[in-house]
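Using numbering that gives the first Met the number 0, read the sequence shown as starting at 0 and increasing by one per residue.
Warning: the hint list may mix true and false statements.
What the hints assert, rightly or not - In silico SDA-like pairs for lysine to any residue, Cα to Cα no more than 20 Å straight-line: (1) K713 to R674; (2) K890 to E864; (3) K579 to D619.
Keep in mind the hints are simulated off the structure, nothing from the lab.
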Amino acid sequence: MKALKFLSVILMCVLFVTSCGTKKNTAVSRNWQAFTTRYNVYFNGKEHYIEQLQQMERDYEDDYSRRLLTHPAEARADQKMPQPSGDFKRTIEKMQKAIQLHSIKKKPAKRSASPKEKAFRARDEFNPFLHNAWLTMGKGQYFNGDFSGAAATFMYIAKHFTWLPAVVTEARIWQALSYCALDWNYEAENVLHLVKQKDLTSSGIRNLYNRAQADLLIRTDRYADAIPFLREAASRAKGTQKNRLWFLLGQLYAHTGDKKNAYIAFRNAGKGQGISYRAKFNARIKQSEVFTGRNISKEVASLKAMTRYARNKEFADQIYYAIGNLYLSKGDSAKAVANYSLAVEKSTRNGIDRALAQLALGNIYFSKGDYVKAQPCYAEAVPQLPDNYPDYKILRLRSDVLDELAVYSGNVQLQDSLLRLADMTPEEQQAVAQRLVDELIAREKKEAEEAKREAAIAEREGQQAPGINHNDAPTQGFISNGDKSWYFYNAMTKSQGKTEFQRRWGARRLEDDWRRRNKSSFSFDTTEESEDSEENNSDSTEKPQEESGEEKDNDAKNASDPHNVEYYLSQIPSTPEERKNANDIIQEGLYNMGLILKDKLEDYPAARTEFLRLEDRYPDNIYRLDVYYNLYLMAVRDGDTAQAEKWRQKILTDFPESPYGQAMRDPNYFDNLRRMNLIQEEMYEKAYQAYLSDNNRLVHDLTSEMEKDYPLSKILPKFVFIDALSYLTENDNDKFRERLTTLLERWPDTDMTPMAGNIMKGLKAGRVPRAGLSNSRGMIWSLGLSNDSIATDADGQPANFERNPDAPQYLVLAFPRDSVNANALLYDVARFNFSSFVVKDFDLEPMSFGEIGLLVIKGFTNLRELEHYRSVMSRNGFELPDEVRPIMISKHNFELLLNEGRSFEEYFRFEAEPPAPADLPEPTPPQEPETIPNPDTD
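Let's have the full structure, built from the sequences with the hints guiding it.
Take a look at the structure:
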């Protein structure tokens, strides 16, 4: 009897479980699946999600030198930013498992035809708890940095859970946040427009909405509109996220000029338990930057008091930088310079905070026209700035131009000083020279003591570190951080070396002849001649040096030693010829400074200052005509008709027979000049389109017309370049070489020079030029997959492509960047993947190389999987834009293209070749001449 009861219970349990499976859709099965979802797989995943989110928000170190993010997760969209901790893969896997195991898709039995019954049966999901798993999975994707995947997940939720309005609203807000992280601001705004105030039914959803609106408005530079939403979000946030949002709010107030509220916001950002000292310190520093009181002495004293604490030693640069900002806000540039200099001197981290102080120092020097002092400030600061730093491109341009500008400025300052010394009495000259010697000796002594002190510190730190051989301690001046790894694996040592290089040389690209700021990419002198000349020079100079060394007397030795007075006295111009030479150098420097400021920086006030200095000091200088003309052009562009007419009359009076004088007899000269430029631009557009259309005859005709009618045109080199390339597709290699030679000889310093010079180097090395099937195909697909300006052929060696259908494969969507929206393509593919493949995940990686944009779809283990993916695309009617070319390529072959800078043209030729028979050894290809691809003209 007991056995029968036991069997009955077992049977009932079996019947209950089978009736509660996902293939059944009854009230019992729905509630059972909801129960097991909530307290089994979902519970574990949710606990992991909460733990990782708390860790991310608590441990993330914000970059206070830039505008903060609304949440640390957004940093995953930019790998150059500090990256947050937290891994949500387990959360995503648990939610995917919950969906796969407990989703109920089967329609329930039809009971009636009522509207309520119809609405219920129309649902896409019948597990009443499963929407929580979908939401948590989307959040996990968002916090893990898969923003496109998260957006697709939240879009799915909004579409398939319409009977849960609160869930739809929350999903749409998260979808907007995902779009914001991707910088898809237009899409984010469209989604948020669907969320109405009546939909914000809970405090959690309202807080999330406020954060999303603030994020969108900040990203679209509508800071004033973002402030109310951000203030509401900050006041209701918790933990370190609350401090983060208050800090960001203070930054917005400061940006909009509301320093009073900014001061309050930064004060709130430094409050609370559990906040790190670093966050409190930065909030306090920011408070000082928005101080609005008239008397800054108390604020300065408070900041200086902070320097006395040992824990603030590493923040000393920030403290003195803040003090400098206070003085600068009151117009006291002298004290600002002193404190910015202290900030640079006291900096121990050599990072962004030091760079900001150097940048502030450089800005003051630059505004005062002291380009010699400004140059090293910019040269050291700019390489430390992130690429998305405000006005980064302008600062980078100014730094590059200062490298050239400081040379002329230094020449002017030096010759001015020497001429002043020449007017002094011998006794005064002796006193000045002695002072310079004393200053040099004192400076070297101070530097030696500092180096000795740093060496002692490094040695002491080394003795404290275990496993170090102290007898073989390095003698270099870098500070050791205890890391014994090789130089390039030691981040601190490598950073110090980079900073030292940039301090000495400025920001230089990694390229040939990097020491030379202005260089041509090609020299018409042969390499052999250069080597012979170097050997001859070295041979010819050895003996005279030895002989002169024997004949040197004490006076000559002293004149070459900066530690002796004679060294300085010997440089003072004493004869009329030397004085004339010094004045000529000054005139050349002033003229070139004005030209650089005008043409390269478009700083017309500064350029006008230098030109007028030249005009005032040397009324009969040899640059007068060009100075007048440049002053005229700047006046016209500024709309100052009176000044423009003044300089036009100067040219007509002093230089009536010059080309400028003859042309400017017409009062409408500038309008005529502007129309002429438009005509030339239209001709180039016509020639360029003709080139893309393979109409080479028209390219040649338009180039000839330009050379005849506008021989001084600034855009004529562009004509000559595409004219040369058109001969390449005609297989006229002699004419191709002739036109490139003309370009390099007549215009050695243009945008086309590096590319043309590299081609000519290849031609001189015996490489044979080769074009694509057409001009446009050659321009796009012959570009090497590297960010250099010209594709290379890996020294002419054939690419080691392989055919292996069992190897991992990629689908590369390649397109011209000027005609395809890369963000829209990424979104469309992500949506297709999510809607077509429930279990399989594919990684999407966007890339760009010059004019080529790529979207790389990864995750195919072999060619068969990739072909199945393409078939699903075709079957589901997913169509790519006409300009997008899908390329199926193995992982090995794609990485080969990237690593060797090869082009798709080479891969296409490889694919067009018939495969070698499997049973025969592949023959060795004949040695072919090295080749040159047809480069892009853009």
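Now for the hints, and whether the structure bears them out:
1. K713 to R674: Judged against 20 Å, a Cα distance of about 14 Å means the pair holds.
2. K890 to E864: holds, 14 Å
3. K579 to D619: Roughly 14 Å between the alpha carbons, so the hint for K579 and D619 holds.
Hint compliance for this structure: no hint is broken.
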